[in-house]
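One line per chain: the protein sequences are D and E, in this order. Numbering follows the numbering used here, with no gaps: position 101 of the first sequence is 101. Numbering follows the numbering used here, with no gaps: position 119 of the second sequence is 119.
Accuracy of the hints is not assured; some may be wrong.
Not the full set, but computed from the structure, chain E residues with beta-carbon under 10 Å of chain D [what the hints assert, rightly or not]:
1) ASN237
2) ILE241
3) ALA323
4) SER326
5) MET327
6) THR330
7) THR333
8) ALA334
For the record, the hints were derived by calculation from the structure and aren't laboratory data. We put the CB at the ideal spot given by N, CA and C, even for glycine.
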Amino acid sequence: MANTKKSDAFVEFERVQKSYDGINLVVKDLNLSMPRGEFLTMLGPSGSGKTTCLMMLAGFETATHGDIRLGGTSINNIPPHKRGIGMVFQNYALFPHMTVAENLAFPLEVRKIGKSEREEKVMRALGMVQMQDFAGRRPSQLSGGQQQRIALSRALVFEPELVLMDEPLGALDKQLRETLQFEITNLAHELGITTVYVTHDQTEALTMSDRVAVFENGRIQQLAAPDKLYEEPENSFVAQFIGENNTLEGVIKEIKGGVALVQLDNGDLIDAKPINVTQAGQRTRVSIRPERVEMDKSRLSSDAHTLKAEVLEFIYMGDIFRTRLRVAGSDAFVIKTRNAPDQIRLQPGQIIDIGWLAEDCRALDA
Amino acid sequence: MSDSTANGLVLAADGTPLKRSLSRSMRRQKMRAFMLVAPLLIFVLLTFIYPIGVMLSRSVQNDIVPETLPETVRVLGAWDSSSGDLPNEVVYAAFMRDMSVAIKAKKHTRLGSRLNYEKTGFSSMFRQSGRKMKKLDPVVDAPFKDKLIKIHKGWGDIETWKTLQTYSGLYTSGYFLNSVDARMTPEGMAWQPEDKQILLKLFGRTLVMSLIITGSCILLGYPIAWLLSNVSPRSANLLLILVLLPFWTSLLVRTSAWKVMLQQNGVINEVLVWIGLVPDGERLILINNQFGTIVAMTHILLPFMILPMYSVMQTIPPVYLRAAKSMGATNWTAFWRVYFPQSIPGIGAGSILVFILSIGYYITPEIVGGTKGVFISNRIAYHISSSLNWGLAAALGTILLIVVLALYWAYDRIVGIDNVKLG
Numbered sequence: 001m002a003n004t005k006k007s008d009a010f011v012e013f014e015r016v017q018k019s020y021d022g023i024n025l026v027v028k029d030l031n032l033s034m035p036r037g038e039f040l041t042m043l044g045p046s047g048s049g050k051t052t053c054l055m056m057l058a059g060f061e062t063a064t065h066g067d068i069r070l071g072g073t074s075i076n077n078i079p080p081h082k083r084g085i086g087m088v089f090q091n092y093a094l095f096p097h098m099t100v101a102e103n104l105a106f107p108l109e110v111r112k113i114g115k116s117e118r119e120e121k122v123m124r125a126l127g128m129v130q131m132q133d134f135a136g137r138r139p140s141q142l143s144g145g146q147q148q149r150i151a152l153s154r155a156l157v158f159e160p161e162l163v164l165m166d167e168p169l170g171a172l173d174k175q176l177r178e179t180l181q182f183e184i185t186n187l188a189h190e191l192g193i194t195t196v197y198v199t200h201d202q203t204e205a206l207t208m209s210d211r212v213a214v215f216e217n218g219r220i221q222q223l224a225a226p227d228k229l230y231e232e233p234e235n236s237f238v239a240q241f242i243g244e245n246n247t248l249e250g251v252i253k254e255i256k257g258g259v260a261l262v263q264l265d266n267g268d269l270i271d272a273k274p275i276n277v278t279q280a281g282q283r284t285r286v287s288i289r290p291e292r293v294e295m296d297k298s299r300l301s302s303d304a305h306t307l308k309a310e311v312l313e314f315i316y317m318g319d320i321f322r323t324r325l326r327v328a329g330s331d332a333f334v335i336k337t338r339n340a341p342d343q344i345r346l347q348p349g350q351i352i353d354i355g356w357l358a359e360d361c362r363a364l365d366a
Numbered sequence: 001m002s003d004s005t006a007n008g009l010v011l012a013a014d015g016t017p018l019k020r021s022l023s024r025s026m027r028r029q030k031m032r033a034f035m036l037v038a039p040l041l042i043f044v045l046l047t048f049i050y051p052i053g054v055m056l057s058r059s060v061q062n063d064i065v066p067e068t069l070p071e072t073v074r075v076l077g078a079w080d081s082s083s084g085d086l087p088n089e090v091v092y093a094a095f096m097r098d099m100s101v102a103i104k105a106k107k108h109t110r111l112g113s114r115l116n117y118e119k120t121g122f123s124s125m126f127r128q129s130g131r132k133m134k135k136l137d138p139v140v141d142a143p144f145k146d147k148l149i150k151i152h153k154g155w156g157d158i159e160t161w162k163t164l165q166t167y168s169g170l171y172t173s174g175y176f177l178n179s180v181d182a183r184m185t186p187e188g189m190a191w192q193p194e195d196k197q198i199l200l201k202l203f204g205r206t207l208v209m210s211l212i213i214t215g216s217c218i219l220l221g222y223p224i225a226w227l228l229s230n231v232s233p234r235s236a237n238l239l240l241i242l243v244l245l246p247f248w249t250s251l252l253v254r255t256s257a258w259k260v261m262l263q264q265n266g267v268i269n270e271v272l273v274w275i276g277l278v279p280d281g282e283r284l285i286l287i288n289n290q291f292g293t294i295v296a297m298t299h300i301l302l303p304f305m306i307l308p309m310y311s312v313m314q315t316i317p318p319v320y321l322r323a324a325k326s327m328g329a330t331n332w333t334a335f336w337r338v339y340f341p342q343s344i345p346g347i348g349a350g351s352i353l354v355f356i357l358s359i360g361y362y363i364t365p366e367i368v369g370g371t372k373g374v375f376i377s378n379r380i381a382y383h384i385s386s387s388l389n390w391g392l393a394a395a396l397g398t399i400l401l402i403v404v405l406a407l408y409w410a411y412d413r414i415v416g417i418d419n420v421k422l423g
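Using the sequences plus the hints, can you model the full thing?
Right, dumping it as C-alpha cells:
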C-alpha cells in the first residue's frame, strides 16, 4: 500500500467498453471511480450492462477497450483468482458437495493458510452472520436466507478489500430481503470494505448504497447519492426509473429567473425547474413526484399555475392514499397523500385543482 | 373438524377409516397405471425373466442321469466305491434293464454326451454299447456282468461306475466346479489338469480388460462430456449427434471397420510404414489380441460413458467455477475441488453401464479378439452352440451374473447408488 495514496480512487473504470459480438457495445464508454470503503450500487434494467461491468471487475469478462484499475494498478490482465476480490452470486453458488465450514475454508485453503488459523477465521466469519451453529450442515439443508448469509460470509472470510455482489437477494422473499439488506450494509460499513452491488431493485439500491449508478443502454445515466438521485434526477430516464413519477410533455415557453414556463400539449401552462433545457421552443418532459403534488391552493404562491384534474380512482393503501387523476389529457397522473386524520379522501368524478412548487417539478429532456 | 378419531384412527367424513377411504379412491388410478405397464411387464416376464430362470436352473440340473437310469442309480447307491471291487450282478442287471428302455427311446446317446463332459470316452462307449446291447434281452440273457464287459471294456473299469455314482443325483455342483477349473470326482473336489485350466484365467482377463475399457472410456469421455455441456446449445446438439452417430451404425459394421483399421495390412499399419515410423517387415500386431479388443470396445462403448456424464455435467452451473476462482482458486483447483466432485455421479453411472456391458460383450471380442482377446462370453457362446454343454454355459453365465451383482453391491457400499444419475 506504500505507493497508493489513501484519498485516491480505489476502483476505477476509465473509458471502458465491452462488446460480445463485435457489432453492439454492451458497455459504452464507462467512467467510474470509487473511493475506498464506499458502497456503490449499479442499478438498471436487465440488459443495461451493469452485470457485465461487475464481471469485468471480477475478471470473468475482459474489457474490449479501456482500463480497469484496482488500488491504482491496472487489473486488465490479471486473472480472476489473483485479483483477491470477494464475490456473492445471485444463486449463492455454495458448493453442494461441501459443508458450510468446508465452503468457507475453501478460499483459505487455496491461499495455503494453516488449519488452526483457518478454523478460527471460518468461525469468525460465520459469527459475523450469526451462523456458527450451521458449520456442519450441507448447503441443501439450509433455507435461502441462510444460504445467502453463508455465501456472504464466504466472500468475506479471506478479508478482501473489495466485495462484489450480483443481485444477491433476488431470490428471497420481501421480508427476508429487507433484513439482509440491513445486515449487508452494516457489515460492509463495520468492516470498512468497498462494495459494488448490482441490482435491478431500486428500493434496495436506495436503502443500501452510499452512491447509486443508474445504468441504461450501456451508459451510466446518473451517479449520485440516493437522495439526490430521487429528488434531483438529471434526465427523464432516471426520473422514470427511480421511484414513481408523473410525466407531462410540452414545449418551453420561456426561462426566466430559474423558472421555466412550460406549455403542455393541451395548452395549459405550468412552472418547472429547468434541468437540461436551455431555451424557449425546446420540447421537454416535466416530471413531478406524486407526493409533491399539492391540492391545497393556500400552500402555493399566489401566482403559481394550477391545473384542473378529474379524480379517476382512489386507492386506500394503508399508510398512504393513492389517487389517479386525469391531468392535461393523461390518465396516469398519480398523487400520493399521507393517511393523516385531516386528509381528504377524494371521490372519483370530483374535479380538483392541483399545483406544485416550481422547484419540485423538473423540466427534463424530451 | 373432519379429522375425528376413533381408536386412534383418523376417520373420513363418512366415518370410514381415512386410510381405507384413501386407498379406495386411489384404486382405480392404480389399476389404470398397472394396465398401462402390464403389456411390458408380461413381455419382460416371458422373454427375459423366465428364460433367465430356466437357464440358471440348467447350471445345477442333472436329472438326465436318474431319469434315464432310474434303477441303476438306486442300486448303485449301495455300492461301496472305495472297496476296489466292481459292482455286483444286481447293478449290471439293473443297468441292462434301464438301458434297454433307454435304447428303445433313443435316449442313451444323450446320456453318453452328458457324462462325456465329466469323463471323456463316455459318449462313444454309450453309442457303441447301445448298438450291441439292443440284441440282448434284459430277462433271458442274464447274467450280464461278463457280457457287458465283453461288449465294452469300459464297463469293467471301476472308474466308469464311480463316475456314474458321483453323477447320479438330480442336482449337481459339477457344472459350477467346471466353471472354476475344478471337477467333482468320487473322492471329492479336485482341480482340472493344468492344461485344461482356462476358465478362471478367462474370468480374470474379462474383468481386467473390462476395467481397462471402462478406464479408457472415462479418460476419453470426460473431456467430450465437458465440452458438450459447456458449448452453446446449438453446437452441443451437433456434437451430440456425432456422439450418437455410432448408434445408427450396426455394431458388426463398426467392429469390422476396426478390423480394416488395425490389421497388419490395415490403414494404421500402412500409414506408419509409409511415414517410415515402422519398418515394413515389423508391422505392428494391433488386432486378434487384447489390444484390438480394448481399442474396438472402448470406441463402441464410449457413448454409454459420455451420455450419463453429459447429463450430470449439464446440471452443474458454471457459476460454481466462477465462485471458486473469485475465491482465489486456480483453474485446476477450481476444476478438481469444485467441478470434478460434482461430476462423479456421472462418472459412476457411466462406469457401471460400460463395465457391465463390456463384461458380457461377445461380438467385438469374437471378431477382433483372436485367441488372446476373447472374453468369457465367447466361451459361453462356444458351449451353447458348439460343444452343446449347456449346463456349463449356464453355470458360467450364472457366475458372470453374480460377479456383476457383487460389483454393483460393492459400488453401492463405496460410492452409494443414489450417487448415480443416468439423466
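Results of checking the hints against the structure:
1. Annotation: interface hint on E/ASN237 violated; nearest CB of chain D at approximately 21 Å, more than 10 Å.
2. Among the interface hints, the one on E/ILE241 is violated; its C-beta lies about 26 Å from the nearest C-beta in chain D, farther than the 10 Å criterion.
3. At a threshold of 10 Å, the smallest CB-CB gap from E/ALA323 to chain D is about 4 Å, leaving the interface hint in force.
4. A least Cβ separation of about 4 Å between E/SER326 and chain D falls short of the 10 Å threshold, and the interface hint therefore holds.
5. For E/MET327, the interface hint holds, since its Cβ comes within 10 Å of a Cβ in chain D; the closest pair sits about 4 Å apart.
6. Annotation: interface hint on E/THR330 holds; nearest CB of chain D at approximately 6 Å, less than 10 Å.
7. At about 6 Å, the closest approach between the beta carbon of E/THR333 and any beta carbon in chain D falls short of 10 Å, and the interface hint on this residue holds.
8. Evaluation of the E/ALA334 hint against chain D yields a held restraint, the C-beta minimum of about 8 Å falling below 10 Å.
Violated hints, in rising order: 1 and 2; the structure is consistent with all others.
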